[in-house]
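Q: Knowing the structure of chain A, use the given hints to seat chain B on it.
Chains A and B, in that order, are what the protein sequence lines are.
Number 358 in the working numbering belongs to position 358 of the first sequence; there are no gaps in the numbering.
Number 307 in the working numbering belongs to position 307 of the second sequence; there are no gaps in the numbering.
Just so you know, these hints were derived from the structure itself, not from any lab.
Do not take every clue at face value.
Copies of the same chain look alike in the list, so a pair counts if it fits in one copy or across any two.
What the hints assert, rightly or not - Lysine-lysine pairs mimicking DSS-like chemistry, simulated, CA-CA at most 25 angstroms apart:
1) LYS297 - LYS233
2) LYS141 - LYS158
3) LYS336 - LYS254
4) LYS158 - LYS233
5) LYS336 - LYS89
These are the residues of each chain, in order.
Number of protein chains: 2
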Amino acid sequence: MVRCSEMKLFISEGTAVKTNRLTGHICLLIICGFSSSNRSVSLFSRNMDQRDEKKNQQFSRNMDQRDEKKNQQFSSPVCVHNPHLDALKDDILYHFNLGTGSHNLEAMFGDVKFVCVGGSPWRMKSFIEFIAAELAMEDPKSEYPNICAGTDRYAMYKVGPVLSVSHGMGIPSIAIMLHELIKLLHHAHCTDVTIIRIGTSGGIGLEPGTVVITETSVDATFLPKFEQVILGKTVVRNTDLDQSLAQELLHCSKELNQFETVIGNTMCTLDFYEGQARLDGAFCSYTEADKQEYLIKAREAGVCNIEMESSVFAAMCKLSGLRAAVVCVTLLDRLKGDQLSSSQEVLHSYQLRSQILIGSYIKKQLNAKAEHI
Amino acid sequence: MVRCSEMKLFISEGTAVKTNRLTGHICLLIICGFSSSNRSVSLFSRNMDQRDEKKNQQFSRNMDQRDEKKNQQFSSPVCVHNPHLDALKDDILYHFNLGTGSHNLEAMFGDVKFVCVGGSPWRMKSFIEFIAAELAMEDPKSEYPNICAGTDRYAMYKVGPVLSVSHGMGIPSIAIMLHELIKLLHHAHCTDVTIIRIGTSGGIGLEPGTVVITETSVDATFLPKFEQVILGKTVVRNTDLDQSLAQELLHCSKELNQFETVIGNTMCTLDFYEGQARLDGAFCSYTEADKQEYLIKAREAGVCNIEMESSVFAAMCKLSGLRAAVVCVTLLDRLKGDQLSSSQEVLHSYQLRSQILIGSYIKKQLNAKAEHI
Chain A
1 MVRCSEMKLF ISEGTAVKTN RLTGHICLLI ICGFSSSNRS VSLFSRNMDQ RDEKKNQQFS
61 RNMDQRDEKK NQQFSSPVCV HNPHLDALKD DILYHFNLGT GSHNLEAMFG DVKFVCVGGS
121 PWRMKSFIEF IAAELAMEDP KSEYPNICAG TDRYAMYKVG PVLSVSHGMG IPSIAIMLHE
181 LIKLLHHAHC TDVTIIRIGT SGGIGLEPGT VVITETSVDA TFLPKFEQVI LGKTVVRNTD
241 LDQSLAQELL HCSKELNQFE TVIGNTMCTL DFYEGQARLD GAFCSYTEAD KQEYLIKARE
301 AGVCNIEMES SVFAAMCKLS GLRAAVVCVT LLDRLKGDQL SSSQEVLHSY QLRSQILIGS
361 YIKKQLNAKA EHI
Chain B
1 MVRCSEMKLF ISEGTAVKTN RLTGHICLLI ICGFSSSNRS VSLFSRNMDQ RDEKKNQQFS
61 RNMDQRDEKK NQQFSSPVCV HNPHLDALKD DILYHFNLGT GSHNLEAMFG DVKFVCVGGS
121 PWRMKSFIEF IAAELAMEDP KSEYPNICAG TDRYAMYKVG PVLSVSHGMG IPSIAIMLHE
181 LIKLLHHAHC TDVTIIRIGT SGGIGLEPGT VVITETSVDA TFLPKFEQVI LGKTVVRNTD
241 LDQSLAQELL HCSKELNQFE TVIGNTMCTL DFYEGQARLD GAFCSYTEAD KQEYLIKARE
301 AGVCNIEMES SVFAAMCKLS GLRAAVVCVT LLDRLKGDQL SSSQEVLHSY QLRSQILIGS
361 YIKKQLNAKA EHI
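This is chain A alone, in the form it adopts within the complex:
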């Protein structure tokens, strides 16, 4: 198994990653696939000078050599990119109420192969009960204790190789959880982990209840990027998700044949009301026509649905080498309205769809692995 606490970033097709080690700015220049790359270029330019250039060339060479070694391995680790972690006596995962000093993370989590994350703690508990039944691993007492019981920041449940974790709402909330989850999986020496966000979203031009598998997560200007502020400077990160995983999930849904599932872009915003052009927030300075114009532009850019976590999820999973997908059900068609006026029962039945799809996928994967052994 490869351990990778050293500094490392992945280079994807069409993307150049450069790291400025002196100032600590990671600059990601997306050189294709953007409809307007000028902004990225200017962001990139701000952080580059000749001294950095030499360091980056060396860094890229090191990365190529490491990637080559990595490809020779049979298992893929969960990577942290933080040389300071090695100096920590204990690593306290504060928001999980777990730590390397207080818990044997490898014994607790070393067998994890699938991590499912979602906003609501209740939904993530219901998912673990569902997957336990699906995998015939039910607890006879039906007890699934919250592993993070000492805190109310997040909830975490585990059944066999499946971990289910809540992440709250919005990019900052899921980012805290992902930092600690990636460290947890790294400390537990997990390998070949697939992570799937099971969420809810607003659809654009889709029948409510449609499941959307994200092709690319885009921002509010429809660009496939996530902006991370580090030491007060903005760094642009790639939001690519695993395309083969997305296709496998679509195929799985077709086999299930229980509900409509599509692959499309997902817009990730920092706000639910004004940030998603809703007309029903406490503040609204635009018209219904402005809203429609914006959403139609989004649809023209391939956006099928809107939620609030996918961009940082995609960026962080990519950096840590996790195979990642975002699967969100649409609760309403935003072209037709803003308020979630369907009954609780209907909304609940929609939310079960992502669970059914992911449950089926995990079962299939585990069965295939068992047959292979």
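A: Positioned in the frame of chain A, the structure of chain B alone reads:
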């Protein structure tokens, strides 16, 4: 009482607010108090043209007339700024599991005068128990039901004129809550409401356990502004808090004389790890020296502590006419470390400090009002 569902924004000293009604962009140009106002100017320029200028002049005139009328009133309402709300038959506050059609919001909340908000649901329940004892309004059965029991997005508790609401972690999470809270208080016809965020934070150069009352909330570049994306365009909003309320709270803490309390700037970030220059996240591309340099610059800009919600809290409360304060205890000194390694008991005792201060303040205010009557 003044109802104000019409479009309206407040102009504060040294600030010009302009609204582009056609494109729906609110542009806020801060003309003093910024160390570098050029960025704001360029943001402003992008959204302005001559046609808008005329509309804005008319808008400003209307605002002046309305403000004059408002000043003649004795009570201050909670304002929404959304003309579309009047057209809604029911207003569903989805993330609270409440609504105007399903609940009598005026009967439930019409007497609210103080709203306390904080990240953790447990802490906000503990606060309502504390304030009930402080105001001698304890439930004999010690039962404080969660008003939002039908959802796990937020928790809400009420005792007499005090409402306690959780908001999760980060700007997006608190923004959703505030949109629905402001609408709730508006629908309930509440007046003269004071709102206080009781939070936790990392201190800069302060003894852990120090309580910081925020003077101004600043962003990761130490500027007093909040950037709201609306229809894909960035709008800059003011993050001023009520200075007289801050002074009253400081005075109250001096009278209590139980713990150190200071007034200072609070930096609000979108991320807990890289965004706050921590060295213990899953990813870290900078050195200890880089971190120290950044935090010392922050301290030189008057930043006493760092948290993740104050900027949007300040901006939204200002827009809705709520008298607002942010009171956060520091759990550690970030110049000395990053991990929260104090015992749970010590951290808990720190968190009680903000509650003690706010409890004392509310009691004092209610006693003064009772004497006045």
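Q: Failing hints, ascending?
A: 3, 4
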